[in-house]
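Colleague: Mind docking chain B on chain A? Use the hints.
2 protein chains.
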Amino acid sequence: MSNKAIFTVFIYCKMKKTKFTPISELGEHNLISKITSPFQLTQITTKVGIGDDSAVLSDLNEELIISTDVLVEGVHFDPMYTPLKHLGYKSVVVNISDVCAMNAVATHVLVSISISNKYSVEMIKEIYEGINQACKNYNIDLIGGDTSSSMSGLIISVTIIGKSTNEFTTYRSGAKPNDLLMVSGDLGAAYLGLQILEREKGIFETQDLGQPDLTKYSYVLERQLKPEPRTDVIRLLREKKIKPTSMIDISDGLASELHHISKCSSIGVKVFEERIPIKNTSRLVADELNLNPTSCALNGGEDYELLFTVPLELHDEVREIPSFVEIGHVTSTGLVEMVTTTNSVVNLPPNSWDTFKHI
Amino acid sequence: MSNKAIFTVFIYCKMKKTKFTPISELGEHNLISKITSPFQLTQITTKVGIGDDSAVLSDLNEELIISTDVLVEGVHFDPMYTPLKHLGYKSVVVNISDVCAMNAVATHVLVSISISNKYSVEMIKEIYEGINQACKNYNIDLIGGDTSSSMSGLIISVTIIGKSTNEFTTYRSGAKPNDLLMVSGDLGAAYLGLQILEREKGIFETQDLGQPDLTKYSYVLERQLKPEPRTDVIRLLREKKIKPTSMIDISDGLASELHHISKCSSIGVKVFEERIPIKNTSRLVADELNLNPTSCALNGGEDYELLFTVPLELHDEVREIPSFVEIGHVTSTGLVEMVTTTNSVVNLPPNSWDTFKHI
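Protein chains in written order, with the numbering used here: chain A, 1 to 359; chain B, 1001 to 1359.
Excised from the complex, chain A in its bound form:
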């Protein structure tokens, strides 16, 4: 999938007018055939995919990993600036990220969509093109789902299945004092991308200046609209024989995830503000928006990087891996603390995004 769509997000409404086949014209069964026919099954464990009352998996690994997530229009995404192909793609990859967070490998997915009559067959096809692209990129079989109408907007519900073994599966609960606290990549960009989109939407709606030039925001927009799960990190950890003691993916913001690790492992953590990886391009966008880059990293969310802990003795091994950043260590205090750039120690509140604050 090209990222060109990222820079044409605001002409989406015009695109919609080119062709609009109402879903009622096709009917549920024909719609399902149309959207699922391009999907191919590649996992040997898929005995039966779509087409019966349930899917059937066989010859499974020792452990099965399962997670589910719902994306709701107006809550998790704004169709005005979210290309539907990217939305389909993102709905799958954020779930893959949950499997990565268990140090496991995603294998199968079920996707249900509920859609109002403002959505056409062409638009649904676009969503499924994105879903298919994610399945292809990450070698995942689509094995089921449900389609239904909705009273308002689009709801995508995804259940992901992954494989693991007792040896590899990693929980939030295994961190020990003195463990190193690592992240797999830079933070804050996805949130900044969202702020740019919201700003441009406001301008577009009030001034209608046409399609804005968003090229200089390409990195933060891509992080928001087309995140990628860190399956490469999982592979790397296995290659290097590094077993994290705890792991979580950063979907709600670093601060919130640190609190999860702290609570589940009954430990404290200390992070160093200066070590939190934030790209220069993100800092520039934060400056433009008058936002504190550290706050974006701590509370923004949707970065889908992995946050994990490793025993101190693996220090040399993890240091060798370029994208891994040691942001702090595990303590026995029970507190989630940050040493600021001015060398003061502050407690970090778990200011994550709460879906119910918005209703």
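In case anyone wonders, no lab produced these hints; they're calculated from the structure. Keep in mind it's a predicted model, so treat the numbers as computed, not measured. Note that CB positions come from ideal geometry on N, CA and C, so glycine has one too.
Coverage of chain B stretches by chain A, computed from C-beta distances (three or more under 8 Å per stretch; other residues unrestricted): (1) 1045-1056; (2) 1066-1076; (3) 1093-1106; (4) 1109-1123; (5) 1144-1156; (6) 1166-1174.
Some, not all, of what chain B presents toward chain A, calculated at C-beta under 7 Å: (7) Leu1060; (8) Glu1063; (9) Thr1159.
Pairs of lysine to any residue residues, derived as SDA-like cross-links and limited to a Cα-Cα distance of at most 25 Å, are as follows: (10) B/Lys1270 to A/Gly51; (11) B/Lys1163 to A/Leu60; (12) A/Lys263 to B/Thr1036; (13) B/Lys1263 to A/Ser37; (14) B/Lys1047 to A/Leu60; (15) B/Lys1263 to A/Ser24; (16) A/Lys47 to B/Gln1043; (17) A/Lys163 to B/Gly1051; (18) B/Lys1047 to A/Arg238; (19) A/Lys270 to A/Leu314; (20) A/Lys263 to B/Ser1024; (21) B/Lys1163 to A/Leu41; (22) B/Lys1034 to A/Ser173; (23) A/Lys47 to B/Ile1242; (24) B/Lys1263 to A/Ile32.
Modeller: Frame of chain A; chain B shown alone:
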């Protein structure tokens, strides 16, 4: 769960006024703790349930059965006459029914809900009480889910997992000419229950005569509001060593399911109108509503009985089982035919309920 609620469905709006804690007051994490704490895990394969990025299952059976379904307010249910506890219950059991339709045993479930701000903490608790009751009744572990806000109404998304072995798993595709065509119980009642609820809603809204006396409709209302999956049939088939050649659950109506079996198995079916099991109490309601009882059975749906085929030589064995009804047989014509009570043969169209006809 008592069925008393069935007869008090129209006072639901008044109930809501008694206590209303906004969900935003509690926040997402507290809401999840509150609604999931009464759930107990009993399946030995559940290694980790709710509380990490994903659930983990281990020591699995040879085959894993997975299905997913979405219930949308205003499309699949009307909150005016659907008690929320029953709704939670139904959302799980309709998925168990999909596992039964594979001749398998449901073991785990993931439930996601998206809710608008017209729903209170008390209402969500009611939904989860119903979900818990279904989990207890059918020995199923709740192992995951997602909660989020929605722009409009309530959406419940359920993924069910079941266990099976190659020996037992039954598909829609195995029916052979001359096989006997069986159903596990009476049909049409759930649809008739829905018609009664719709009629009473109309009266309630226009005339406000207070709570109507629905006692005489108790059977059809129960079939609509609190269906039960036929796990007993699956047990019975195993006890009697009867392996159906094909199986499906009747969620969209007998005619639609016959077409599925016919298409998937590349065979025809011939059913006899006079053998289609319809309870007298359902016939009386159909008469009152001026509906043809056979049409209700063929096209109504939501009965959640099992439709299955068995080899002719098992005739004596299946005949012994009281609730099983032989409604016809498999043919090689490729047609879905019905011999009417006046002895004419008609082709049955797959007039199932299509979600997209309504948008």
